[in-house]
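Trainee: Could you build all of it, start to finish, from the sequences and the hints given here?
Protein sequence lines correspond, in order, to chains A and B.
Using the numbering used here, you'd call the opening residue of the first sequence number 1 and step up by one each time.
Using the numbering used here, you'd call the opening residue of the second sequence number 1 and step up by one each time.
These aren't lab readings, by the way, just hints derived from the structure by calculation.
Backbone N, C-alpha and C fix where the C-beta goes; we use that ideal spot for every residue, glycine too.
The following label-pair restraints were derived from C-beta to C-beta distances: (1) A/33 x B/327: 28 to 38 angstroms; (2) B/12 x A/8: 52 to 62 angstroms; (3) A/292 x B/305: 21 to 31 angstroms; (4) B/292 x A/115: 48 to 58 angstroms; (5) A/18 x B/40: 50 to 60 angstroms; (6) A/207 x B/65: 38 to 48 angstroms; (7) A/240 x B/300: 35 to 45 angstroms; (8) B/159 x A/292: 21 to 31 angstroms; (9) A/211 x B/214: 53 to 63 angstroms; (10) B/37 x A/306: 28 to 38 angstroms; (11) B/292 x A/305: 21 to 31 angstroms; (12) A/292 x B/115: 49 to 59 angstroms; (13) A/306 x B/85: 29 to 39 angstroms; (14) B/323 x A/115: 40 to 50 angstroms.
There are 2 protein chains.
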Amino acid sequence: MADDATASVTDRAHALAEAAVAGDRLALARVLTAVENRTPIAEAALRELYPRAGGAHLVGITGPPGAGKSTLVSALLKEVRAAGRPVAVVAVDPSSPITGGALLGDRVRMQAYAGDRDVFIRSMASRGHAGGLASTTTAAAAVLDAAGFDLVLIETVGTGQSEVEVAAAADTTVVLEAPEMGDEVQAIKAGLLEVADLVVVNKGDKPGAQRTAAQLRAMLAPSVGRSAIAAGRPQPKRPEVMVTTAATGEGVKELLAALDRHRLTARDGDAANARMTRADAQVRAILTERLVDRLGRADLADLRKRLVSDVAGHRLDPYAAADRILEAMTADAS
Amino acid sequence: MADDATASVTDRAHALAEAAVAGDRLALARVLTAVENRTPIAEAALRELYPRAGGAHLVGITGPPGAGKSTLVSALLKEVRAAGRPVAVVAVDPSSPITGGALLGDRVRMQAYAGDRDVFIRSMASRGHAGGLASTTTAAAAVLDAAGFDLVLIETVGTGQSEVEVAAAADTTVVLEAPEMGDEVQAIKAGLLEVADLVVVNKGDKPGAQRTAAQLRAMLAPSVGRSAIAAGRPQPKRPEVMVTTAATGEGVKELLAALDRHRLTARDGDAANARMTRADAQVRAILTERLVDRLGRADLADLRKRLVSDVAGHRLDPYAAADRILEAMTADAS
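Mentor: Right under this line is the structure:
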């Protein structure tokens, strides 16, 4: 019975994975839903799809709310499609309920590409434990990669630490910024700039855009480098600063060209590091999941409850209790 | 050599633990430092001290900044000492550097009891991972308990979730509040009230104090109960609401009497739950530490790096990598 159920999961996952690779978009959507919900189908499908992935260019796009990320992603889509290339978007929605604003935005965006099989847009809710978001997004990108999307844009809001980490784990990370009103560039957090391969000042038609870009170039070039050297850290990358007006498409062709350049030049450097970071986050998340699953198993849960009760009554010290649980976790694995 | 080092840690821990129990305050302070820094001495000492603990009354005192927690704790100390009872204070300092404000406050507070061996005041920095604070504070309380302090006050700022959890894991939890200026009780977060066994409106000489207390009583009595019943949750405890003026000592004797009452009546109910929660947090923290330690061991770190590199190169899927690491963790335990 259990074997039948397992076989059936593997069979269904196999069928979905094969269909997704063959171009069935509904099957692709189902695999992504499984990945998002961490169902058994997801693991089986990813085990099949993962070896077929690795070729796509993963581009993270992040920045503060209001910088125009959605508009820029739409403008990029238009440019990529004009070049005849397939493209997928994973939009990480910081609002927990899946029925939130981002999905609605997706539908509007998707309508523009209703008949276009080479565009695929998908929102992922950023719920779940720390590290889970990074691992889910990476898994989703791998699925899209295996399904033949050579360019995958990962759009996140650069507010939460985990959202920034997701974007930073891409091969190329674009940090978006709106023009500053005041004299100083205040709004960009140092943490955001640190992860940037490309800094884009969007809304280039606004008064302060060119000045903001100039200030960012000045900020990024000498002083960041000096402080890093003084602190003994490795020399940071010097991100290129560009100006776009996503609403009119101005500068977007140049941005795409810069992305393609970065893909080629960074293959062995930063991008290789990003790949290691991504893989490590994935393995760590799965490992944690496995350990938590194991702890939750009926026999271990019972043992744990009994031992914790002994600790609460001071009949056992907490180290001895932890060691006995660890021993049981270990013994049960064989 | 390794055996010698282990023996030496055990011997030193044994000597420190014995001295701490015998009343050596310097030894007690050293054990607490070891607990705070999670050194090997801490584990060995706690293993000895834990079975001797469990008798003390742990009282958590929390509330928003400015409610007068430090002043109230000082007033309580005075009252407890007037009754001839020994008392210890663990103050959880939310500022990370140990040299921060709270320690200075400790020295000032300690001076008032310079010659008094039956008062012990200790700050713990609230650094470290989630769950670590709760487990460190609980361990410190157990050490003070074993050292003969029959009453241990755990003072935390009720701002961070983990600080509130620490206070809530005590046998009796006191939530402190300052009188409200406006018409409505706004400042108290529902989360804070939920954990209270006793609610204390301090600064009772301020105009709004009695009104705030009355509003709190009205808030806590009927509606909280009804909504909980409607939601199918267990009937919540109805915390007693008291008014104190810590600066003059007004109402502090009554507060101490209420604490003693709660200690007796709640021994089998909420306090038993609190003991289970504390024990579970301790065991979980140690278990996590053990697993992280194991992952960091040279052989596993090497294996992990190799596997992650294979995952990054899409030569291996992340599930297979996680399973191989899990297998190695398991095999090495025997």
